[in-house]
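**Q** The residues making up each chain are set out below.
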Amino acid sequence: MFPSAVGSKLLMAATGLAILLFVLGHLAGNLQFFGGPDVINTYALHLRDLGPLLWVARLGLLAAFALHLSLAVSLTRRNSLARPEGYAFQTDFPQSSVASRHMWLTGWLILAFVVFHLAHFTFQWTHPEYRELHWKASDGREGHDVYSMIIKGFSQPFLVGLYIVAQVFLWLHLSHAVSSMLQTLGLKNPRNEKLLDLAGPVLATIIFVGYVSIPLAVLLGVVKPIVISSG
Amino acid sequence: MKLKLHVWRQSGPHAKGHIEEHLLDNVSPHSSFLEMMDQLNEELQSKGKEPVAFDSDCREGICGSCSMVINGRPHGPWKGTTTCQLHMRAFKDGDEIWIEPFRAKAFPVVKDLVVDRGAFDRIVQAGGYITVRTGSAPEANLTPIPKSDADTAFDAAACIGCGACVAVCKNASATLFLSAKVSHLAHVPQGEPERMKRVKSMVAQMDAETFGACTNTGDCTQVCPKEIGQNHINTLNREYLRAISFDNSNASANTGSAG
Ligand code: HEM
Ligand code: FES
Numbered sequence: 017m018f019p020s021a022v023g024s025k026l027l028m029a030a031t032g033l034a035i036l037l038f039v040l041g042h043l044a045g046n047l048q049f050f051g052g053p054d055v056i057n058t059y060a061l062h063l064r065d066l067g068p069l070l071w072v073a074r075l076g077l078l079a080a081f082a083l084h085l086s087l088a089v090s091l092t093r094r095n096s097l098a099r100p101e102g103y104a105f106q107t108d109f110p111q112s113s114v115a116s117r118h119m120w121l122t123g124w125l126i127l128a129f130v131v132f133h134l135a136h137f138t139f140q141w142t143h144p145e146y147r148e149l150h151w152k153a154s155d156g157r158e159g160h161d162v163y164s165m166i167i168k169g170f171s172q173p174f175l176v177g178l179y180i181v182a183q184v185f186l187w188l189h190l191s192h193a194v195s196s197m198l199q200t201l202g203l204k205n206p207r208n209e210k211l212l213d214l215a216g217p218v219l220a221t222i223i224f225v226g227y228v229s230i231p232l233a234v235l236l237g238v239v240k241p242i243v244i245s246s247g
Numbered sequence: 661m662k663l664k665l666h667v668w669r670q671s672g673p674h675a676k677g678h679i680e681e682h683l684l685d686n687v688s689p690h691s692s693f694l695e696m697m698d699q700l701n702e703e704l705q706s707k708g709k710e711p712v713a714f715d716s717d718c719r720e721g722i723c724g725s726c727s728m729v730i731n732g733r734p735h736g737p738w739k740g741t742t743t744c745q746l747h748m749r750a751f752k753d754g755d756e757i758w759i760e761p762f763r764a765k766a767f768p769v770v771k772d773l774v775v776d777r778g779a780f781d782r783i784v785q786a787g788g789y790i791t792v793r794t795g796s797a798p799e800a801n802l803t804p805i806p807k808s809d810a811d812t813a814f815d816a817a818a819c820i821g822c823g824a825c826v827a828v829c830k831n832a833s834a835t836l837f838l839s840a841k842v843s844h845l846a847h848v849p850q851g852e853p854e855r856m857k858r859v860k861s862m863v864a865q866m867d868a869e870t871f872g873a874c875t876n877t878g879d880c881t882q883v884c885p886k887e888i889g890q891n892h893i894n895t896l897n898r899e900y901l902r903a904i905s906f907d908n909s910n911a912s913a914n915t916g917s918a919g
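Residue numbers (our numbering), protein chains in the order written: chain A, 17 to 247; chain B, 661 to 919.
Derived by calculation from the structure, the hints in this document are not laboratory data. For every residue, glycine included, the Cβ atom is placed at its ideal position computed from N, Cα and C. There may be inaccurate statements among the hints.
Straight-line Cα separation of at most 25 Å, DSS-like style, residue types lysine-lysine; simulated pairs [to be verified]:
id, chain 1, residue 1, chain 2, residue 2
1, B, K807, B, K676
2, B, K662, B, K676
3, A, K152, A, K240
4, A, K240, A, K168
5, B, K771, A, K210
6, B, K752, B, K739
7, B, K739, A, K210
8, B, K765, B, K676
9, B, K830, A, K210
Covered by chain B, according to a simulated footprint, are these stretches of chain A (three or more residues, beta-carbon under 8 Å) [said to hold, decoys possible]:
id, region
10, 115-129
11, 226-237
Start from the sequences and build out the full structure, keeping to the hints where you can.
**A** If you want it as structure tokens, here you go:
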């Protein structure tokens, strides 16, 4: 049974929220980069130590992404079929933001970035040399030197540019998505409406600044490489 | 005023339409938009041409039949106003005006600017009714309703079903219309008996009529002649979530009439 238009949007909002929570958690993790090699590398070790739990989270996230995507396809198809013939004269829109009218486009651009990002830092297919970066904690535990990988990755201006552009698309998607989601979930009322409408742009901007700060800090030399690698 | 009009002409439901240009002189800024259209039609008729077909009835902003998209806006440039209440002083001498029918698969063009909005009737038939005890009128103060609920229900009930929300929506969604109907009856005790079934059936009917889904862009409220708020869409979503969570009865979309 296929969900209704309203039901599809409820699922879109729920899956979007799940992904949003990951985006926030991932940001909190990444910002530990500013704590130095020991902090972020220990964090990476802790993540790995979660073992099966980490896989549950990963599969959950993957499922949310898959559902969000397939609903995006079915909703967009439904919506374009609903108006086979458009208007001859259309210059502006009464209120809708550019972001709200281009969720489909920004969604796919985000997906393209996520795929690249996984190939770059997670699976290191694009830069197999990252795999040689090792780190040894003071307590003797060993792991991957995430800190140096980030420094190496973002020393390439081209890659920094790519990551920043991707964050612009994420900003666009989220600036509409967050407030929209709150309405889809029925959480808005006339009293909190103004506040919740602001939630999207504000949260999107926080996420944007947070993510962009890392590549920019490396490229501009605010954060310097610390040689700890044995590899 | 002298105007250049670009009007959509289409001789029938299956005919191919086109934009037709007309120059119209001596338009009074005091006339209403529909009076301007009447003037155009008189000129066309005097030249032996076919007048432009358009819908209108009350001409006082309450029936919702005067469906037109004027320069890309359903009901034209004025906020909270139907086409019949729009006056030509909204334009200036020498202006060009584009006049098109409401565009949606669910609103097929019948002729020129006239579209068939029967889909809205079928959505209402699917659940926009209440069970009442017929007979003598009940005592007026028998069923007290909190002021805020009464106000919200009244705001929603202001919807005249004109279809401007569908016409402006990038998805041709009927969500604002549907939400007004659902929110109206969800805020008064009279709507209680069918509350769950209503929202499910009306949502199912909206789907069957091939309307799009809601992206929460907010354009609909801006063109709504009664300025139905986005808060009703919130209510619709909440009512729907509640109904699919707690009500097992099947929704019944009237697919037979969906064209
Ligand atoms: C970081 C990743 C993403 C996050 C956090 C995210 C989040 C969200 C949220 C919260 C919504 C609002 C749902 C609502 O209006 O109730 C949304 C809408 C949407 N998303 Fe995403 N999304 C992401 C990636 C994607 C991807 C990969 C696509 C693929 C095409 C996509 C396509 C869409 C579309 C088309 C909508 C609008 C649906 C509509 O209202 O008509 N998103 N997203
Ligand atoms: S003709 Fe009745 S609302 Fe315009």
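**Q** Determine for every hint whether it applies to the structure shown.
**A** Evaluation of the provided hints:
1. Distance restraint check for B:K807 and B:K676: the Cα-Cα separation of roughly 52 Å exceeds the 25 Å cut-off, and the hinted pair is therefore not satisfied.
2. Among the hinted pairs, B:K662 with B:K676 is inconsistent with the structure: their alpha-carbon atoms are about 29 Å apart, more than 25 Å.
3. With a C-alpha separation of about 19 Å, the suggested pair A:K152 and A:K240 falls inside the 25 Å cut-off, and the hint holds.
4. Distance hint between A:K240 and A:K168 is fulfilled; the C-alpha atoms sit about 11 Å from each other, no more than 25 Å.
5. Distance hint between B:K771 and A:K210 is unfulfilled; the C-alpha atoms sit about 42 Å from each other, more than 25 Å.
6. Proximity of B:K752 to B:K739 is assessed by CA-CA distance (about 18 Å); at most 25 Å being required, the pair is judged to hold.
7. At roughly 20 Å between alpha-carbon atoms, B:K739 and A:K210 fall within 25 Å of each other, so this suggested pair holds.
8. With a C-alpha separation of about 15 Å, the suggested pairing of B:K765 with B:K676 holds against the 25 Å cut-off.
9. A distance of roughly 23 Å separates the Cα atoms of B:K830 and A:K210; the hinted pair therefore holds under the 25 Å criterion.
10. With a cut-off of 8 Å between beta carbons, the region 115-129 of chain A has 3 residues touching chain B; three or more are needed, and the interface restraint holds.
11. For the region 226-237 of chain A, the proposed coverage by chain B is not satisfied: 0 residues have a C-beta within less than 8 Å of a C-beta in that chain, short of the threshold of three.
Violation of the numbered hints given earlier is confined to hints 1, 2, 5 and 11; the remaining hints are satisfied by the structure.
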